[in-house]
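Chains as they are written, first to last, in the numbering used here: chain Y, 1 to 981; chain H, 1 to 416; chain Z, 1 to 95; chain C, 1 to 186.
Treat the hints with care, since some could be wrong.
As the list claims (entries may be wrong) - Quick partial rundown of chain C residues pointing at chain Z, CB under 10 Å, derived from the structure: (1) T19; (2) W73; (3) S138; (4) H149; (5) C152.
Rather than coming from a laboratory, the hints here were simulated on the basis of the structure. Please read all numbers here as calculations on a predicted model, not as lab measurements. Every residue gets a Cβ at the ideal spot worked out from N, C-alpha and C, and that includes glycine.
Here's the letter readout for the chains.
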Amino acid sequence: MTQNNRLSGGQIDRDTTLNFRFDNRSFTAHPGDTLASALLANDVRLIGRSFKYHRPRGLLTAGSEEPNGIVELRTGARKEPNTRATTIEMFDGLEASSQNRWPSLKFDALGVNDLFSNFLSAGFYYKTFMWPAAFWEKVYEPIIRRAAGLGSLSAEADPDEYDKGFRHCDLLIIGAGPSGLMAALTAGRAGADVILADEDFQFGGRLNSETFSLGEQNASDWATQAVAELSTMPNVRLMPRTTVIGAFDHGIYGAVERTGDHLPTLPAGKPRQILWRIYTKKALLCAGATERPIVFENNDRPGIMMASALRTYANRFAVTTAPRVAIFTNNDDGHRTAADLHAKGVHICAVIDVREDAPVNYDYEVLSGARVIDTKGRLGLTFVEVALPDGSTRTLDCGALGVSGGWNPNVHLTCHQRGRPVWNEALAAFVPGSNLPVGLSVAGAANGQMSTHGALQSGAEGAVAALDLKGVLPDLPEAEDAPIAQKPFWYVEGCKRAWVDQQNDVTVKDVKLSYQEGFKSVEHLKRYTTLGMATDQGKTSNITGLAIMAEVAGKSIPETGTTIFRPPYTPVPIGAFAGRMKGQEFHPTRLTPSHHWAKERGAVFVEAGNWLRAQWFPLPGETHWRESVDREVRQTRASVGVCDCTTLGKIDVQGTDAAEFLNRVYANAFAKLAVGKTRYGLMLREDGMVMDDGTAARLAEDHFVVTTTTANAVGVYRHMEFVRQCLFPDMDVQLISTTESWAQYAVAGPNSRKLLQKIVDPEFDISNEAFPFMACSNITVCGGLRARLFRISFSGELAFEIAVPARYGDALMRRLMAEGEEFDVVPYGTEALGVMRIEKGHAAGNELNGTTTALNLGMGKMVSKKKDSIGSVLSEREALVEPDVLRLVGIKPVSPDEKITPGGHLMNIAGPVDAANDQGYATSAAYSPILNSSIGLALLKDGANRMGEKMRLVSPLTDLTVEVEIVSAHFVDPEGERLRA
Amino acid sequence: MRYSGFRVIKEALTGHKGWKPVWRDPEPKAQYDIIVIGGGGHGLATAHYLSKVYGQRNVAVVEKGWIGGGNVGRNTTIVRSNYMLDGNEPFYEFSMKLWEGLEQDLNYNAMMSQRGILNLFHSDAQRDAYTRRGNAMILHGADAELLDADQVRKEHPYLNFDDARFPIMGGLVQRRAGTARHDAVAWGFARSADSHGVDIIQNCEVTGLRIENGKCLGVETSKGFIGANKVGCAVAGNSGRVMGMAGMRLPIESHVLQAFVSEGLKPVLPSVITYGAGHFYISQSDKGGLVFGGDIDGYNTYAQRGNLPVVEDVCEGGVSLMPVISRARLLRMWGGVMDMSMDGSPIIDHTPVEGLYFNGGWCYGGFKATPASGHCFAHLLAKDEPHPVATAYRLDRFKTGRMIDERGAGNQPNLH
Amino acid sequence: MIINHPLLGPRDAAEFTYLGDASLIDRPDWQAEDAAEAFYDYAYLRDNPAGEHKELWYHEAGDRSWLVVTRDTTTHEISKVELARDVARARGRSK
Amino acid sequence: MHDLVAITALGGTTPRVDTVAGVTCTENPSVALASVAARRGQEAKAQAALAKLIDASAPDVEQHAGGTIAAFWSGPDQWMVEAPFDSHEDLALQVKSAVGDTASVTEQTDAWTRFDLAGDPLASVLELLCMLDLRKISAGSVSRCSIHHVGCFVLCRSSEAFSIYGPRSSAGSLHHAIVTAMRSAL
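Work out the full structure, taking the sequences as your base and the hints as a guide.
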């Protein structure tokens, strides 16, 4: 198809032709085009359907404020719904399709809604669909949901990558129009670190859309030259295709750079977009202004556009929407559009100006004091009906109507910290208020300087003021400095089906109805009618809606209220905020020193926080995980097993006050712990609940090594720093984490000593006498490698933990396996670890759930009352020491073949099963291959006094009821003889 | 005026001339039996139940701005009763039952949509905790189901089952949970309360509480003093400010919770989903927007806005769980100020000041509680005794050690 | 947000972990007559001001310093940043 | 001499090297580390002892200094001492004997993994990794910061040479982040 709406000139590369498809029809375009300009060039006016009434819609604007011209871009996994045709930079092979229509754009079945529009008035759904009650989910809502929504997502995962980055600058300039370019030149020449960002792929802003000149040059040439100068400055970073989306606290701005959206395909490893956090000393908002419509009957037909958009398409893209064009305006800027189009050979049917004293132009007809009262053309504008001052009407035959209602400064970012814009009577528009984000100032049209000269000057002044630059302003090129000449005019009296918010189908009638129903605040208006809630965020509709409500209320606009804007300035792909932190990279993965060895052994791994830990080590022939775990438990208890426990937090605590410090952070006493000994430590939160537990080994008078649970390592370290720095700042204590330094392995089982004796260097005696239970020492292994040995046991067996520098962890594990062959040594994972700790009745994560006290866990006596320790006072509160508080007990099914379900609740053997009779709950469970029975730990009311009692463990969720016996939590070796052996 | 489909048709045919304001805009009287401070969801619900259930007609709601402008108008609209502890579950299940009959009770379509909520788990410990929770729900008469990974995949094939850093092991489902149209909830309660004679007074900021000899006599406002026999404070987010006027310090901090909505999309998400390995929960509104959120920013604030790190954190969780939403665009973000309490649970209680009652500490769970909170607060105000399902929400529970701590995070509000 | 670390200069608040009101430095005497009441007040009650707030931040991804930040909770403006250890000493805390 | 064979943090027997365009990322296991934290009231003495050890004054906030044995600031009155692994595997002992009771010393050699970035332009790679203001960073400066949620030290040796220390257990994730940023930026 030929581009028969192309005009001469423009900033497109006519030497190159690009092919693209829209709704499966092929077209051609040129570099420099947007999808919107290319469609218009090819005489395509109908692009989409509206949200509610499915009215045929075309383009309204030429920028990111576009409400109507939204399409699904690309295909397959890369499909992007709701993409503005006006911001899509043309590339070869581009594919787009219209959305929210069925079966086709021209014949949309739901267009029928338009006929019933009278019944679908604002908020109608709040008043109906209530009977019968059951019908909402079943009937009404599914229909509404199917009809609602706009484009559709691909069902596939997004194949593209996104990056995040961080940049710093003295001055961030947002917008590269006349004010932004002038500000950048001023600040850049002064040597400041400047970032100049603009959402467009071509810097220049409105200058690219105008024909007037700056100094000797025409506007766009001046912009090109300014960019050329800026690009030679090392202290200036130019960021085209970059939208500054939000102004956050303390001068941090979010910006999204579209590095790949204009490319047919992304080069390998390159991101589609980059989310930048820009740290600024100062920022200057040069975001320009957005032209606003005048609202009239049937003002939403394809071909009815903003006048400035027609001008942009003609001057920048060399395109006219139609050969015959009319203009409807309340200000002189509308006439500029008419003049430019006329100069390009477009036929101007007439300029309809609401002002009686409209400027006359002898090249085409001007209808002063006239209004547009209706339009015709189902799929595209054909006729415009005009009411003349004398009461007569005229029908104009035209394919496009340019509407100009004046300009609204783009104040959005000034509102991002809840600042409110203020009404400017002269402009009849909101301008930035006084409460801007700290460090942000505003220049150019965004600040109400509507002339090009005003923009250039305020841009230069803005840079000078922001950076406190000495010296005079740079010379400014001569530029138009036309005063504002407009008569505020929001909508044509008497219109009903006249669209304020075109995408969400909010009409003048809806605004009036919402006021009639008492929704008088702007926020109520928005929420009740959905005005401004569409993907264009109301850029062309909010203020008009407010103005119409003000007229209805008989109040001034500022009396009626303001409307503020929230981030992001334009919608941003969720993926851009996620960056690379997704999939496997969502969180960093922490590997233990024996990971590579365990992988060779075919271990099954499990996430433990960010760690990956071996869960069990299946042998060939083992088909069920229980086989492996049972074997690991049996072999460990029968001979010896090895488990990587490096993930436990390790904190080096040194200093002359180290012992006293531990006395404060642990509930039990540490001051008198002998050097060379280890002690179990119970740590409480200040509210008396158990925070964590672990061991503290005293390597020297002034040196301890403390362990934490894997889950709480970070929190406990933070807590200890808090106690050290904030509570006892004069204690001589130094802390540092050593979790990663040491590969630490538990060697457990009756033969653990024999195995270790084979690798511990002979000068170290680890016999029971020389190295008894809870001993600890620095030693060497394998001929001189420094190591640490602790005789502690989580399994309840004779056990040690041995630590060597992490880089040797892999080798040590292999050595232990080799030396252990004669004992039939077994590596065991977290499952077997869990089984053995339950058999031994050790509380762990499931019991340390943040709501349990030492008393609950059977360690009440450990909380020393002879000293000051965190949490001891509040652990005494009445409800925490009542006789029937939960106590940790063991539970055993009465018939061993039955299974304990963690999370099941305990009920008395007789009586109702309900919340009122809840006695407690099972925290952990496992199958004990030693007892050949399922066993569990539970927290039971007054549990300590209910040993031997039969109860029901109920889990209606999993449809289980098991009769259990309450027993001691210490299933294995209650006297602890084994671990002292 | 009763709303119905027939009414809508009739009005449509007669040019919608008959629609009346949804609530009057009265000037305050000199004296009321009961004044509720706060024209948000909870305050308006309180007024509705006071007038409709407890027969209190001489009631005013005073609101500093426009009604529904607080958290009821800035949340992620989720309704559920999937709590674990005795102090909570009966209350939230009571609330769920009120939601189920709300449209008919209010004659206003708040679009309560019972599309279900799925809480995913990714570890054995999480599964055990959810099992305990699900059992507690059932024992309290609510509904709960436990799904394994395959069942989750059947219902939600678009979740990340292929390269998840924290694989989905299953989930706890409450089918009766869902979402409601948040603004409509506020408007519906307001309309009903108004129709039962309650004065809803907008743009009337409380500037002080008149307290003499330990008794609260009324409120000083931007529209002058308004007397009352009883004053109930329901201003979650600003509880510290208002109760501060009575010289009270609370077990509460104010924090901001951000929420997000995407551009409108054709239906992709059948229910509400929460991620167990990251800060992310999501649903899809009837208009097609993906409504999602995550963790609070974490620092004390009264500003209704947040910062980028949490936005990124939420989206990282979202894309990790649902790679299909990566190309969907985030359209709007906003912040609501939350009463974060010291155990993550609310307070509905009388205060040491006679005639002054307090409702707050809702953390970020206030929306789902709206009907029950209103009902129970109305009960307390009308009868001077706690409603049976709200007896645990006492102000003194931290002193006695009767915390209701679902998360086990203890006395650090920003962890709840 | 940006926290101007007394030693490191401006750092993004994302590097820090927030605890809460700086009154958490003023831990009561465990042996006092009213210890129970005092600890309840210390652990649970907050001024929660709308305005200037002294609060504790921990430079988790930095130098591990605890800081006392004076910040306006209505504007987020930060007027002062101190090392918590210095503040604690100034408030009479020692060993 | 013991007979256990070490592996690198990335699990290899030899260090990993990746080159994209003009920038190379090299895993560097041949460094020994020990932390030094001054005892309360001994700060001055500890600094003096450290200065003697590294033959340069104790590094100020966010600085590093020294020769064969060097040190960098890691926190208030706290430093990390660096030395070649082969000659100083027992660095902690050497440092302890140098500082005596004026400071607490802890072996940190295997707590960290080190990646050396060399080439140009490094700034465009680093700005995708961490929020440091690279304009303010010059040879001799050190910053602790977070890279893709991993807490790291970033040492600037020259505008074309940086060292990144990250926790050993996260070496794989950190390496992935660095190389991904190189491919993206270069």
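Hints versus structure:
{"no.": "1", "hint": "T19", "in the structure": "29 Å, violated"}
{"no.": "2", "hint": "W73", "in the structure": "8 Å, holds"}
{"no.": "3", "hint": "S138", "in the structure": "15 Å, violated"}
{"no.": "4", "hint": "H149", "in the structure": "9 Å, holds"}
{"no.": "5", "hint": "C152", "in the structure": "9 Å, holds"}
Checked against the numbered hints given earlier, this structure breaks hints 1, 3; the rest are met.
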